[in-house]
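Going down the list, the protein sequences come from chains Z and V.
Under the numbering used here, the first residue of the first sequence is numbered 874, with each subsequent residue one higher.
Under the numbering used here, the first residue of the second sequence is numbered 874, with each subsequent residue one higher.
Simulated from the structure, these hints should not be mistaken for laboratory data.
Hints are supplied without guarantee of correctness; some may be wrong.
Heads up, the list lumps identical chains together, so a pair's fine if it works in one copy or across two of them.
Stated by the list, open to error - Below, computed lysine to any residue pairings styled on SDA-like, alpha-carbon distance capped at 20 Å:
1. Lys1063 <-> Asp1102
2. Lys1178 <-> Asp1035
3. Lys1178 <-> Glu979
4. Lys1063 <-> Glu1107
5. Lys1178 <-> Ala998
6. Lys1045 <-> Ile894
7. Lys908 <-> Leu1162
8. Lys1063 <-> Ile1182
9. Lys1011 <-> Ile943
10. Lys1063 <-> Ala1103
11. Lys901 <-> Asn1163
12. Lys901 <-> His1161
What follows is the residue order along each chain.
There are 2 protein chains.
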Amino acid sequence: MTNKYDVLVSEVGPRDGLQSINTVFSTKGKMQWIKREAEAGVAKIQVGSFVPPKLLPQLADTADVVNQSIQIHGLNVAALVPNLKGAENGMAAGTHQIGVVMSVSEAHNQANVRCSTQQSIDQFAKIIAFRNAHLEYKDIVISGGMATAFGCTISGKVPICDVLRVAEGLLKRGAQRLNVADTVGYADPKQVRNLFTELYRAIGDDIPVSAHFHDTRGLGLANVFAALDAGVREFEACLGGLGGCPYAPGASGNIVTEDLVFMLEAMGLSTGVNLDGLLETREIMERHLNGEPTHGTFAKAGRPKGFVIKPAIF
Amino acid sequence: MTNKYDVLVSEVGPRDGLQSINTVFSTKGKMQWIKREAEAGVAKIQVGSFVPPKLLPQLADTADVVNQSIQIHGLNVAALVPNLKGAENGMAAGTHQIGVVMSVSEAHNQANVRCSTQQSIDQFAKIIAFRNAHLEYKDIVISGGMATAFGCTISGKVPICDVLRVAEGLLKRGAQRLNVADTVGYADPKQVRNLFTELYRAIGDDIPVSAHFHDTRGLGLANVFAALDAGVREFEACLGGLGGCPYAPGASGNIVTEDLVFMLEAMGLSTGVNLDGLLETREIMERHLNGEPTHGTFAKAGRPKGFVIKPAIF
Chain Z
874 MTNKYDVLVS EVGPRDGLQS INTVFSTKGK MQWIKREAEA GVAKIQVGSF
924 VPPKLLPQLA DTADVVNQSI QIHGLNVAAL VPNLKGAENG MAAGTHQIGV
974 VMSVSEAHNQ ANVRCSTQQS IDQFAKIIAF RNAHLEYKDI VISGGMATAF
1024 GCTISGKVPI CDVLRVAEGL LKRGAQRLNV ADTVGYADPK QVRNLFTELY
1074 RAIGDDIPVS AHFHDTRGLG LANVFAALDA GVREFEACLG GLGGCPYAPG
1124 ASGNIVTEDL VFMLEAMGLS TGVNLDGLLE TREIMERHLN GEPTHGTFAK
1174 AGRPKGFVIK PAIF
Chain V
874 MTNKYDVLVS EVGPRDGLQS INTVFSTKGK MQWIKREAEA GVAKIQVGSF
924 VPPKLLPQLA DTADVVNQSI QIHGLNVAAL VPNLKGAENG MAAGTHQIGV
974 VMSVSEAHNQ ANVRCSTQQS IDQFAKIIAF RNAHLEYKDI VISGGMATAF
1024 GCTISGKVPI CDVLRVAEGL LKRGAQRLNV ADTVGYADPK QVRNLFTELY
1074 RAIGDDIPVS AHFHDTRGLG LANVFAALDA GVREFEACLG GLGGCPYAPG
1124 ASGNIVTEDL VFMLEAMGLS TGVNLDGLLE TREIMERHLN GEPTHGTFAK
1174 AGRPKGFVIK PAIF
């Protein structure tokens, strides 16, 4: 897939954006967003999370959304799962990529899911075993997600060696991809370049690695640039920076999809994404938002003179 | 001066910020801002511009502001001048550093000051000659500023060779420093790293070079990171991102001083600036703003756990 363009832009708004705001989108509203964004050339969308509906009512229709999304030709449909039960539901729904996330920070993992990071890695192994035990699921890709890889609101700094240890643990148990996340917006670009350089040194270049940055302290795109330097070629982002940070009113959450695409395309890196289509998708999304704030600069400032917006590759 | 810390953060808000907003600060208000920011460890502040008061009433008191600012022990007081007349006024006021800015883009220079870039370089030579002819001005540093170095709203792309030609022209005529500005917020980090790498290759490492980025399309701090890679060690910024962009309502203007300092310090680069003091200065500035918007993420999100705010070095 990634050979069609230089960098894969993964939309995570229907999951990470929607789980962080008050508005509950209808399934129809989500599908309008997802379809239009796929048409704009975004080839991978994380459409939800298979968590108990009472925990995140915004994502209660994830199975429905997956069902409809996998009808979109060529779209890679991803979803998160918190545990084996969620993974079973996710696989049954036909999700193409299942993401299992744990915190590199022990304190954060304990606070979040009441078990150690090692126990989460063991849980991950069970999900892999379940997939492998079912022939009909053999094409489902399982990604190991490492949250708080750049710092933690509870324990502060997170050493790179802890990230490498979790990464190796996940790969040993069969992870086909890794996602490295700055869950709380602590990363700085020097740290990002170091971490991914060390990570590739430890695991080699064969395992696809994606990066997930927040823009809480304005460094999201600087971190993308640093990660590109280290070799990362897949980035998760959120249309309109939907989501914010519960600890920082008005602060941005995930990096903004359209700003990310603009930066990459401005640097001559093809994304396959049509920026006009992305702005139209943003408008569709905003219509469902009940006035909750969106972020991002490209939607306000527009394209520089001479900057060519490319057609979608899909 | 720069040997006290790794990177010099130059505040340009009292000039670039104030000239772009409606509110006219009193001289007293400006001095409260400038004094508090100097106390916070910001060692260089561009306090105004010696332009005709009818053009920019916000900066009509620049001579007064310079007079008071040079009383602040250790502060490097900078100002812009548009021409020889302005330079004479600036030198008479006791400004430590005079910045003369021209556009690398011919079309932009013509639109702005109705002459060619070459004619602006000739004007620059006259300012140098004037300074050299007056012994009492011998310590005044003259900086050559290159606007639209990364792109132009009129002519689009600006070739690197044009920037190098103007840089060499300015140095040949006696510029002691250069400032390279992304006046309209077009730069991307790849371009930034290329441009500064080429510039240092052309002019060597002895001439101090500062960079001026706008955050119009969200790439300001990514551009700083790229420029750091190429060797730049002085950055201009605006407290609270004051200014905005007249073409993009709500869009940020200059990069945000406190976000810049946070990024640099997070990467282990010392700035000599105390972030708490900077946030206090931001509050002082905001009190004079009549509700005009400010920008920036650090002021909202605060410091990451474990991040140590350093005392001011001054």
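Outcome of the hint check:
In this homomeric assembly, Lys1063 and Asp1102 come within 20 Å of each other (Cα to Cα) both inside a single copy, at 11 Å, and across copies, at 10 Å. With identical chains, the CA atoms of Lys1178 and Asp1035 are at most 20 Å apart between copies only, with a shortest distance of 18 Å across copies and 45 Å within one. Proximity of Lys1178 to Glu979 under the C-alpha cut-off of 20 Å is restricted to the inter-copy arrangement: shortest distance 15 Å between copies versus 49 Å within a copy. Proximity of Lys1063 and Glu1107 under a CA criterion of 20 Å is satisfied in both settings, with 19 Å inside one chain copy and 18 Å between copies.
Neither within a single protomer nor between protomers do Lys1178 and Ala998 lie at most 20 Å apart by alpha-carbon distance, with minima of 51 Å and 32 Å respectively. For the identical chains of this complex, Lys1045 and Ile894 are neighbours neither inside a copy (36 Å) nor across copies (57 Å), given an alpha-carbon limit of 20 Å. Within a single copy, Lys908 and Leu1162 get their C-alpha atoms as close as 17 Å, which meets the 20 Å cut-off; across copies the closest is 44 Å, which misses it. Taking the shortest alpha-carbon separations for Lys1063 and Ile1182, only the inter-copy value of 18 Å comes in at or below 20 Å, while the best intra-copy value is 30 Å.
Proximity of Lys1011 to Ile943 under the C-alpha cut-off of 20 Å is restricted to the intra-copy arrangement: shortest distance 16 Å within a copy versus 72 Å between copies. Taking CA atoms no more than 20 Å apart as the test, Lys1063 paired with Ala1103 passes in both settings, with 11 Å inside one copy and 14 Å between copies. Taking CA atoms no more than 20 Å apart as the test, Lys901 paired with Asn1163 passes inside one copy only; the shortest distance there is 16 Å, against 43 Å between copies. Taking identical chains as interchangeable, the C-alpha atoms of Lys901 and His1161 lie at most 20 Å apart only when both belong to the same chain, with a minimum of 10 Å there against 47 Å between chains.
Checked against the numbered hints above, the structure breaks hints 5, 6 and satisfies the rest.
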